[in-house]
Amino acid sequence: MANQIANKKPPIIDWQACFRESGLPFFCGSADVPLDYNAPDGEKLNLALIKLPATIHERKKPGRKIGSLFFNPGGPGNSGVDFVLGIGQFLPTEIRTYFDVIGFDPRGTSRSSPLLCFDGPVNVGPIIVPQFFFPRNPDEDASKEKFDRNLAMACKYNGGSVLNHMSTANVARDLDFLRQAVGDSKLNYVGYSHGSFLGVTYANLFPNKIRAMVLDGIVDPIAYTTGVGDEGSTLPVTTRFHIDEGSQATLNEFFRLCDQASLDQCPFGNDAASKFDFMVDHLRAVPVHLFDPTIGPFDLTYDQFIATVFSVMANSSGWPLLAIVLNEIHAAIIDGSEDAAERAGTAFVALATAMGGVTSPGDLTRTAQQFASMCTDTNNPDNHAAWSLAGEAADINVGVFGRIGAWQSSPCAVWQGNDPDRYLGPFTQKTSKPILLVANRFDPLTPYEGALQTHSLLPNSALLTLEGWGHTSLLLSTCVDQAVSRYLLTSKVASPEASCQQDVVPFADALSEPISSGETSPKETSPKNDKVDAKREKMQIRGQALHKQKLNPSGTFEAPSVSATYDPATGTAIIPAVQVGDKVEFSNVKLGFNPGGTLSVLSSEAPQAPVAAASATYDPVTGMATIPEVLVKGRVEFVNVKLKANPDGTFSVLAAEKPPVS
1 MANQIANKKP PIIDWQACFR ESGLPFFCGS ADVPLDYNAP DGEKLNLALI
51 KLPATIHERK KPGRKIGSLF FNPGGPGNSG VDFVLGIGQF LPTEIRTYFD
101 VIGFDPRGTS RSSPLLCFDG PVNVGPIIVP QFFFPRNPDE DASKEKFDRN
151 LAMACKYNGG SVLNHMSTAN VARDLDFLRQ AVGDSKLNYV GYSHGSFLGV
201 TYANLFPNKI RAMVLDGIVD PIAYTTGVGD EGSTLPVTTR FHIDEGSQAT
251 LNEFFRLCDQ ASLDQCPFGN DAASKFDFMV DHLRAVPVHL FDPTIGPFDL
301 TYDQFIATVF SVMANSSGWP LLAIVLNEIH AAIIDGSEDA AERAGTAFVA
351 LATAMGGVTS PGDLTRTAQQ FASMCTDTNN PDNHAAWSLA GEAADINVGV
401 FGRIGAWQSS PCAVWQGNDP DRYLGPFTQK TSKPILLVAN RFDPLTPYEG
451 ALQTHSLLPN SALLTLEGWG HTSLLLSTCV DQAVSRYLLT SKVASPEASC
501 QQDVVPFADA LSEPISSGET SPKETSPKND KVDAKREKMQ IRGQALHKQK
551 LNPSGTFEAP SVSATYDPAT GTAIIPAVQV GDKVEFSNVK LGFNPGGTLS
601 VLSSEAPQAP VAAASATYDP VTGMATIPEV LVKGRVEFVN VKLKANPDGT
651 FSVLAAEKPP VS
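Using this note's numbering, the letters of the sequence shown map in sequence onto residues 1 to 662.
Warning: the hint list may mix true and false statements.
What the hints assert, rightly or not - Below, computed lysine-lysine pairings styled on BS3-like, alpha-carbon distance capped at 25 Å:
# : residue 1 : residue 2
1 : 492       : 65
2 : 209       : 44
3 : 590       : 642
4 : 146       : 44
5 : 430       : 186
6 : 492       : 209
7 : 492       : 186
8 : 156       : 146
9 : 156       : 65
Claimed, not checked - Cβ pair distances, simulated, as ranges:
#  : residue 1 : residue 2 : range
10 : 281       : 15        : 57 to 67 Å
11 : 490       : 385       : 32 to 42 Å
12 : 286       : 601       : 33 to 43 Å
13 : 287       : 39        : 54 to 64 Å
14 : 228       : 281       : 26 to 36 Å
15 : 460       : 284       : 24 to 34 Å
16 : 94        : 286       : 55 to 65 Å
17 : 284       : 17        : 54 to 64 Å
18 : 278       : 418       : 42 to 52 Å
19 : 65        : 278       : 52 to 62 Å
Simulated from the structure, these hints should not be mistaken for lab results.
The beta-carbon is built from N, C-alpha and C at its ideal position, and this holds for glycine as well.
Sequences are here, hints too, so could you generate the full structure?
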């Protein structure tokens, strides 16, 4: 394959200005790459890209641009275009100065010749999404198996040629083609979560083409692809890389930190683990009957409860809110009164709405694209009984996340795509430059052990450990951010192993001082400067805003939302007019909640006529949006809502108030 493409000219990218409403000078483009690198002159795929140019000439800095820095946000299959669009304003000044920052949508996903399974000529029947988060009995096992088979067959018959060419190895080949297209002799790359597997794959296919590579949230490449021994035919991939163990270890930290805090800081404290075990035992036997004033009575089931806790483990800034919710549900089980049921129901619905619900049909296209990548890359059993057995065994031996962890990959039992050019190892090539691995000590989705394994496999790698909680280090540690920036600028690491602290400790009122300056040395302290203080203040706001949300005596949640309209049934909000600077730039902006509690912009329009007044303001410099009031069912329920833009393009609710009582 290498000989067939060695003499091929790289694609030409025609960059055009785009997304200028963001306040940043983005350029968008596309590049044609071979569908099959064994036949480079054959069918082509079109990859979507975004670029934020280096500012070295604008800033009149000495030296010259280092090159392009490619980002991949993981998934697999998450949009690199959207990620760079969101993270641009948060990038360190020195990275913006010396690098063109580039994101791309991987082949077969989003805007890049996407795999489309549901609009083709063959109708495989209705794709009925199971209304549970993971199966717990034979009937539910059968329902999940039927869904998986229909999904796989829809992609087989309608997905087209890209279905059999969606391996991460082919994405790595695309990445090398894009490196050449932007004129770089060596690759600069940052990959999060599954993006770490893309990085490891690239490093082993093109070991001499690396200038700098940062992998954060490390997937164990052996556990992911084949497992050890016969695991590839006996254990599901999501059991093999120990999501269940990582999530349980993180939950145990939630309990420990909660018990160490005061009850004001964590109301679920005072033997939190025992309280949780009591709740789990109760919910395994019977649902808890709850009531919410908006949706009425409902039953909280065991699978919904576990899925909620599982999701929140990935973002430790949400732990204070989770503690409030757990405390109210525990009280409802003990008390049994209607008032306790309403308080718990209102709290849980607020949290569940923020995180999103079970997959809707509109999400199936992205779901199929993600499984196309995962199932192509990995060996798996060919029967759903293996998923049932693995989940049950992990629930017994590890904790409560065995089933939900295992069943996340169940379509791989019957997946029809097959890429002969996938890469299954070895993963031991020595690279031209050191690779910096970043790992969170308590990462529920990519456990720390995966980073240790990868560090042992890659002979020219360094490991930076974040002593923290949550999935990846993104926005968690000034120390990590500084270490990563220094490495990207120099391609050098000071130590093969080092550690940093998380800026904000869950449930703590005060910020912890980082113990490292960003040099890979655990003994130095961070220098005081306005930029670091601002970053730490932002993290404090993010962590404490959720903590300060309280239930009032009427059972309503003082976690306000927006100044337009909010529909609790759909979890969406409409903002009629958004002012940027002194002008209304957007109208009819529709927001929707994501898993983890953030908000995404689902759609927006340009104003068709002059607007007398704005219903929200947005400052692209700070990334802050302010919404004066939100209507729920025709009544003002929330005022002075503050939203903050996140690096991935989503928004977090930082603060809100209840309207004054008239």
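Consistency of the hints with the structure:
For a cut-off of 25 Å, the pair hint linking residue 492 to residue 65 stands: about 18 Å separates their Cα positions. This hinted pair checks out: residue 209 and residue 44 have alpha carbons roughly 24 Å apart, not beyond 25 Å. For the given pair, residue 590 sits about 16 Å from residue 642 by alpha-carbon distance, which is consistent with the 25 Å threshold. For the proposed pair residue 146 and residue 44, the alpha carbon gap of about 34 Å is over 25 Å, so the pair is violated.
For the suggested pair residue 430 and residue 186, the alpha carbons sit about 15 Å apart, so the restraint of at most 25 Å is met. About 16 Å separates the Cα atoms of residue 492 and residue 209, which keeps this hinted pair within 25 Å; it holds. For a cut-off of 25 Å, the pair hint linking residue 492 to residue 186 stands: about 15 Å separates their Cα positions. Annotation: proposed proximity of residue 156 to residue 146 holds, straight-line Cα distance about 15 Å (limit 25 Å).
A threshold of 25 Å between alpha carbons decides the hint, and for residue 156 with residue 65 the separation of about 45 Å lies outside it, so the pair is violated. Here the CB-CB span from residue 281 to residue 15 is close to 59 Å, well matched to the stated 57 to 67 Å. Look at residue 490 against residue 385: about 52 Å separates their beta carbons, and that is not inside 32 to 42 Å. At roughly 40 Å, the beta carbons of residue 286 and residue 601 sit within the given window of 33 to 43 Å.
Judged by the Cβ atoms, the range 54 to 64 Å given for residue 287 and residue 39 holds: they are separated by roughly 55 Å. At roughly 34 Å, the beta-carbon separation of residue 228 and residue 281 lies within the given 26 to 36 Å, and the hint holds. Checked against the hint of 24 to 34 Å, the pair residue 460 and residue 284 fails, with Cβ atoms roughly 48 Å apart. Distance hint for residue 94 and residue 286: a CB-CB separation of about 57 Å, consistent with the stated range 55 to 65 Å.
In this structure the hint that residue 284 and residue 17 lie 54 to 64 Å apart at CB holds, the actual value being about 56 Å. Separation of residue 278 from residue 418 is about 47 Å and conforms to the stated range, judged on CB atoms against 42 to 52 Å. Checked against the given bound of 52 to 62 Å, the beta carbons of residue 65 and residue 278, roughly 59 Å apart, stay inside it.
This entry does not satisfy hints 4, 9, 11, 15, going by the numbered hints stated previously.
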